[in-house]
Amino acid sequence: MSGRPTTSVVGRVRGRLEGPNTMGNTNGFWIAFAFAVLVFAAYPVLFGASAANRIAMFLVFALLGVSLCFIWGYCGILSFGQVAFFGVAGYTFGIVTINVTNYTGMTLGIVTAIGVSTLFAAVLAYFMFYGGVRDVYVTIMTLVVAIVLHTFMQQTAGSEWAIGDARLGGFNGMVGIGNLGIGVGDVGITFDGVAFYYAALATVVAVYLGLRVLVNSRFGYAMIATREDEDRTEMFGYDTTFIKFVTFTIGGAIAGLSGVLFVTWGNYIDPSQFAITAAAMPVIWASIGGRESIIGTIAAAIAIQTLEFQFHDQWALVIVGSTLVLVIVLLPNGIAPAVRDVLVEHRRPASPAPSEEVGD
Amino acid sequence: MSVSDPTIRTTPAVEETGETSSRILQTRGLRKQFGGLVATDDVDFAVEEGELRCLIGPNGAGKSTFLKLVTGRHEPTAGSIYYDGMDVTDLPTHERVDRGISMKFQVPSLYPELSVRDNVRIPLQRVATPGEFEARTRETLERFNLLEEIDTVAANLSHGQQQRLEIGMAMTLEPKLMLLDEPVAGLSIEETAEIADLLEALRAEEEVAFVVIEHDIDFVERIADRVTVLHQGAIFTEGTIEEVKADPAVRRIYLGEGA
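Protein sequence lines, in the order shown, are assigned to chains V and C. Residues in the first sequence are numbered consecutively from 1, following this note's numbering. Residues in the second sequence are numbered consecutively from 1, following this note's numbering.
These are calculated hints, taken from the structure and not from any lab test. You may find that some hints are simply not true.
What the hints assert, rightly or not - Here are the in silico distance ranges between beta carbons for each label pair:
(1) V/R54 / C/N156: 44 to 50 angstroms
(2) V/V342 / C/S158: 26 to 32 angstroms
(3) V/N172 / C/F133: 54 to 60 angstroms
(4) C/G50 / V/I328: 49 to 55 angstroms
(5) C/E190 / V/L38: 57 to 63 angstroms
(6) V/V342 / C/D151: 16 to 22 angstroms
(7) V/I276 / C/N145: 51 to 57 angstroms
(8) C/G50 / V/V329: 51 to 57 angstroms
(9) C/S158 / V/A41: 36 to 42 angstroms
(10) C/G186 / V/V136: 28 to 34 angstroms
(11) V/F219 / C/E49: 30 to 36 angstroms
Claimed, not checked - So, partial list: chain C residues that the calculated Cβ filter (under 7 angstroms) puts toward chain V:
(12) V88
(13) D90
(14) T93
(15) Q125
All residues carry an ideal CB built from backbone N, CA and C; glycine is no exception.
Next up, chain C with everything else stripped away, as it sits in the complex (with noise of 0.2 angstroms):
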């Protein structure tokens, strides 16, 4: 049933690899079907520790429900995921989350009733003790540059604030994978370079690697080491962003509409 022509691929198929050991997430076969639709179509995707993959693809693409199956969220029709050598298919998802894979949900979704010192404390408690509270709240909210609004309820934070802070809350339990869902949807030019440069300045100080949804292509060739094209629920073609967007099907596909 797939468009995507396997000539069009430019990366091999997993096995083909051998090294598996430096993967942080890996999938084979993922496929996952609501009655007759296939969301995920036999998806094979492998991403390096410490790497940052994008995931671009016109919408109904199936990019969110390929997150939601490697958080858990969605049990898969078929195939598996594993996560830093190990198979994660069947594990909910917050034993999936205590190994390392975190999330930043397309919606804002904070507690917005609470306050940001609060918000932060709701993960930070898995990780800390209760003397170590405030420090590292502190410290957590200074980096995303939010220390100012501690004591703000979230709901009052603007659109960008609450972007940092649910990337903020999701980092501070470490995680050694983290799923972004369009982190910049709906920000300004200056809010995007502002996630941008946080991006920049987790990676050059932790060891996590990134999986980002995004359709802002100018902010995908900015942060992206490789990116991933979904079509249809499968993959239609991966590489560096220069050859992706050189590809002409991909044009057709996807960034000939407007990018």
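Chain V extracted, bound-state conformation (with noise of 0.2 angstroms):
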């Protein structure tokens, strides 16, 4: 293979993935992204599987993060209701899982869990959006359907809340949920420990990937001009009805996604994962690292819960509080833009710089 080719496919590949609509579009960003994802490739390696697989953890998290970015910060559309796709899609792991123990129960699990609440995301955002509702009151109802669920999945304790045999288990929880795992009958592949972890963060980096490809395109477009005036965006034609519904529902596919990750880590859900606390950790982590960039959403995501398991008791709370308040009043637009223009003014684009950015 000769250069040149290779330059063409590679200016091609980057041509759709960078753009003004997400940052880091040199050089030098992606040098230190290579470099980020290396660090976390070699994690297992360097500090053994115990302490990958708590990153996994986070790394789900930051999926999740990414669901709410991806609308909120693209389409305005700002959402407390990541998690009630996220813990249906869980449950509905579970469920599937638990009736059919082998690699086809686990196949159809994620399949069936991602399409129900990818379903769910859409039958919400079709009698929101289709029946003329519109900025906070999006909100509200996005939390009072993470509270509603959180609320009914509490007194599922009994045992005739059961699907088969999977049992709800209410405030108890649902134990004894599949691994993560492809295949048909007894034949295919699990990823379990060490290899969840490299599947958690192919993940990642897949959804990043594809993500910074759908908002440079023309969909992409689409999508911020309905954020930043729906009125003005119809107006040159745009169907801005439709943009936000299609913008939802693949945000609640992305928190599905990361909620089959969250039931196949620990085998384990419970409703507090509806909860407000929980509901609001996604918005937190966004606004912390910037709405308007995903990888900000992902670092600070992972920031952030790195932190709250160091300081695992009340103090875990309060700081992340206070950061939030702090950054919310210093950089509105969170912290990963705020990086940016520091190093947009004062360095070339070519320098390896964003690290701080990326890696975390």
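Dock chain one against chain two, each of which comes alone in its own frame, and use the hints as you go.
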């Protein structure tokens, strides 16, 4: 392979990934990004499987944060309901894999769980957006959905609340959920332990790159136009209701994907995943990282969850809360845009720069 | 309820002119009520292809409401809207835009946080392929005298530049009917003249009809083929600017107040 065609392929791929709608369009960014991915990839080797196992959980939360960043930062839809799609996917995966305890069940579980959460998001989006619900009322409705699910799942402890062999378990949670795996019957592969870590990392990287392509595409511009001025955008011939509907549904699918990873990590889920504290976390990650920056949200989710783990007592919430207040007061758009501004102003793009933004 | 005396009307009702095929826009009995308030009162209105029509009238005459009915932002209480011979009364806004209706809002409505280039891209990507974006963006900006500002964030443009950019963005869709809501409000005399030149150039180059809401009578006098006076939601009179200005009833309700 000669250098030229490779360059043009790289150029074309970068052309799809880059644009004014995402942060990090420089060589320096991609070098730092590759370095960060490498560090994450080497993590289990360097620090052992149990440390990596913990980071895997943070990656799963990062994905949940991304599902909000995408719809809030890019289309202006502030949702507290991402945990609803996350949890519904988790419970669905649990129900399927408890009833079908082989690789068919795992494969079916992934498909069904993401399908159900996507459909749930689509139905909610349909009634909200085609029903003319806008702005803060969307936020309130999504929060209510999460609270209703929380309340409902809390009271399913009795043995009458079971689907096949899968007991919903109420506040005790659902136990015995299957692992992440793909296959048919007894033939297949399971992603357990370190393999799960790599599956989670690969998923986050793939979703990140996929969303970068999407937000820099025509649809991405339409999302941003809808966020900025819905009436104006409609008057340029865009069906903004449909754009919001599709965006919210994609966000639900990503949240569902993270929900599947969550339950396969601990083989367990309970209704606290729908609680207000849990529902607020994606909003906090995106606010601190920068809701218009996918990479910023990922970094913030990992950082905050690490912090919360280190101080795993009441101090964690105090620290997270104070950070949130400080960031909102000092950097209303979050940390990532501020980092970019500093780097763009003081350094040339080619320098291997934004490791702070990426690597965390 | 109408104040308009039928004898004042200079334009006959639509049916009498018979031929409708050259009409780009026509409304029949168009009515909009907000509760007890009649904002648009049985308006029969028609614009020919390529015509530039000005809508004038006192504040609250229902001019903006009328445009919002044409774009689909408001649903009419009664009546129909025909565009290019087609009944568009029940079409949503974006489908009307697809068929060739475009609009510049009263308050400059740009995407303030985006660059001028990205602002133009929003409408442009609906009608152009990615390979054409850069060339057509430059073409549009050249035409609207904004090429130097291509990388400027829209919020940093002057008011006059914002007005021009928004007209330019609306024109990239190559509309057959362009609605302008007060395109020169708040502009200096020079900027107003610039917009007037621009409209004349656009009309010379393209098959596009305009409906322009404006209070600046000198501007109206310069650009309008015909003028429709709205008063209390109804058509008060129609005609050339000379006819309208000479009408004592129009002077009493509108022009008398300072024009």
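>> Of the numbered hints stated earlier in the document, which are not met by this structure?
In response: 9, 12 and 13
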